[in-house]
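Protein chains in written order, with the numbering used here: chain A, 27 to 180; chain B, 27 to 180; chain C, 27 to 180.
Warning: the hint list may mix true and false statements.
Note that identical chains are pooled: a pair holds if it fits in a single copy or bridges any two copies.
Derived pair list, reagent style DSSO-like, types lysine-lysine, alpha-carbon separation capped at 27 Å [unchecked claim]: (1) K101 - K137; (2) K33 - K168; (3) K153 - K101; (4) K157 - K168; (5) K101 - K157; (6) K158 - K101; (7) K101 - K79; (8) K168 - K153; (9) K101 - K168; (10) K33 - K101; (11) K168 - K158; (12) K79 - K168.
Calculated directly from the structure, the hints in this document are not laboratory data.
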Amino acid sequence: MLPIPTKYFISFGSCNADHPLNAFDGALLSAGVGNTNLVRVSSILPPSAVEVKNLVLPYGALVPIAYASKVSTNKGERIAAAAGIGIPEDPSLPGLIMEYSCSGSKEEAEKTVLEMVEEGFAMRGFKLLEKKAVTTDIVVDKAACAFACVVLWY
Amino acid sequence: MLPIPTKYFISFGSCNADHPLNAFDGALLSAGVGNTNLVRVSSILPPSAVEVKNLVLPYGALVPIAYASKVSTNKGERIAAAAGIGIPEDPSLPGLIMEYSCSGSKEEAEKTVLEMVEEGFAMRGFKLLEKKAVTTDIVVDKAACAFACVVLWY
Amino acid sequence: MLPIPTKYFISFGSCNADHPLNAFDGALLSAGVGNTNLVRVSSILPPSAVEVKNLVLPYGALVPIAYASKVSTNKGERIAAAAGIGIPEDPSLPGLIMEYSCSGSKEEAEKTVLEMVEEGFAMRGFKLLEKKAVTTDIVVDKAACAFACVVLWY
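Isolated chain A, as found in the complex (with noise of 0.2 Å):
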C-alpha cells in the first residue's frame, strides 16, 4: 500500500493574476505549496498525525493534500476559501477535515466550515477534543483564487 502520512502541515493563501490557473498557482506559491505536485484526497487525518510548522516540501514531491479552493473571474467579487480540523479526543481515532469555499467572507467561511467538521464529528459518534480552520479571502480583479489546505506529509 501507499504509505500513510504522519503528519500535517496548515496553510493557506490567495492571489490574483491574468489567468485562472496561474491566479490557483500563485495562491499555492503563497500557501507554501506551489513547487510541488498536490495529490488531493478526500481529507482524513491519520490517527496521532503530528502537526508542523514551516514545512519545506522537495520541488516536484507527490504532495497529499486536502483543501478548499475557488476560482473566480468576476471583478470586484470577495471569495473566500476555508480548511477545518477536528481532532478527537480518542488517539486511536482518526481526525477529520474538511474544506469550504464561498462567494463572501473568510469569517463565512470559516464559520461553514467549523459547522462541517462538528457535523462529521457527531455523524461518527466521534468526540472533539478540539477544531481549528484557517481561511482566506480575496477580492478578484482579473482572475483571482483563494485556497486554503492541509498537508499531509512524512
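Starting from the known structure of chain A, arrange chains B and C on it as the hints suggest.
Relative to the frame of chain A, chains B and C by itself:
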C-alpha cells in the same frame, strides 16, 4: 513507481446531511471508505486483480479509488450513482471501471454504466467475460449524496 | 514519502463516443495512457526530470499526470485542450506544467497555455530556458473529448 493494486472492492452508500460535503462524507462512511484519504483515479482494474469482500481499510490510508458521486441540495430530487466493472476474457488484459451519476433512479444509472462498460470494451477490442455494477439512489432532503465506488487495494 | 518522478512524457488525444466518459476514455487510449489509473496532480516538473518518448505504462499502474481535458455533448462544437511546459535555465529548479482547455481551436488553446507558462515563470522569478506545448482539437458529434497531458514517471 507507485505500487500497482492487486485487489479490488466494490461498494456504495448514500446520505442526507446539513452541508453538501457532510452528505458526501456520510455516503463514504456508509460505503465503508469514510475514514480514509481517497485518491481518485480513472479507472482501470489491474490484470488479475482479485475481488475481496469486507475490506477494512486503515484509518487515514491513501486509498486509490474510482467512484461516481452526485451531490444535490434540491429538496425532493432523486439522485443516483453507479460504478460498473468489466472483466476481460484474457486475464493478462486489464479490466475496466466506469462511473456514472445522474438525477434519476438507480436503475437508470445502472443501465447507463453497463452500456459504458460495453462501449469501453468495444473500443479496446477486448472480449468481455463478465460485467457487473453497484448502484444506489436517494431523495434529497437538505443536502444529499449518492456514491458508488471501486476501491483498489493491496 | 511517495517517490518523486524522474521522467516525463507529453501526449494528447481526442475521441468521439456515445457517452461522455467513453469519449474521455477513448482520448486517453489515443494518448497512450488509457489502460492505467491516472492520478491527477497539479503540476510541477521535478528538477532535472528527463523527457522520454514512447513510454509504455504497465496496465493498471498508478500514473501521476497533469492534464487538460474538455468534454462536450454540443454537436458541432470544436473543443480543444493543451498542456504546456516551461523548463528553467537553472536545472536545480522545478519546471512548470500548465493546462488549458476551451471551446475553440487547438491554436487558441496553445497560445493561451504558453502565456500561462510565461506568467508562472514571471511569478516565480525563474528564467525560462525553453517552453513547449502539445495541443489537440476535435468537433463534437455525440460526445467528444479533447485531452492533452504530461505524464510523470520513473
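Hints, verified against the model:
Within a single copy, K101 and K137 get their C-alpha atoms as close as 25 Å, and across copies as close as 24 Å, so both meet the 27 Å cut-off. Taking identical chains as interchangeable, the C-alpha atoms of K33 and K168 are never at most 27 Å apart, the minima being 36 Å within one chain and 35 Å between chains. Proximity of K153 and K101 under a CA criterion of 27 Å is satisfied in neither setting, with 43 Å inside one chain copy and 31 Å between copies. Taking the shortest Cα distances, K157 and K168 sit within 27 Å of each other only across copies (24 Å), while inside one copy they are farther apart (35 Å).
In this homomeric assembly, K101 and K157 never come within 27 Å of each other (Cα to Cα): the closest approach is 34 Å inside a single copy and 30 Å across copies. In the homo-oligomer, the alpha carbons of K158 and K101 never lie at most 27 Å apart, since the shortest distance is 31 Å inside one protomer and 31 Å across protomers. Proximity of K101 to K79 under the C-alpha cut-off of 27 Å is found in neither arrangement, the shortest distances being 34 Å within a copy and 43 Å between copies. In this assembly of identical chains, the alpha carbons of K168 and K153 lie at most 27 Å apart only when taken from different copies (25 Å versus 44 Å within one copy).
Taking identical chains as interchangeable, the C-alpha atoms of K101 and K168 lie at most 27 Å apart only when both belong to the same chain, with a minimum of 6 Å there against 31 Å between chains. For a Cα distance limit of 27 Å, the shortest separation of K33 from K101 qualifies neither inside one copy, at 38 Å, nor across copies, at 40 Å. Proximity of K168 and K158 under a CA criterion of 27 Å is satisfied inter-copy only: 25 Å between copies versus 32 Å inside one chain copy. In this assembly of identical chains, K79 and K168 lie within 27 Å of each other by CA distance neither inside one copy nor across copies; the values are 32 Å within and 38 Å between.
Going down the numbered hints, you'll see the structure goes against 2, 3, 5, 6, 7, 10 and 12, while the others check out.
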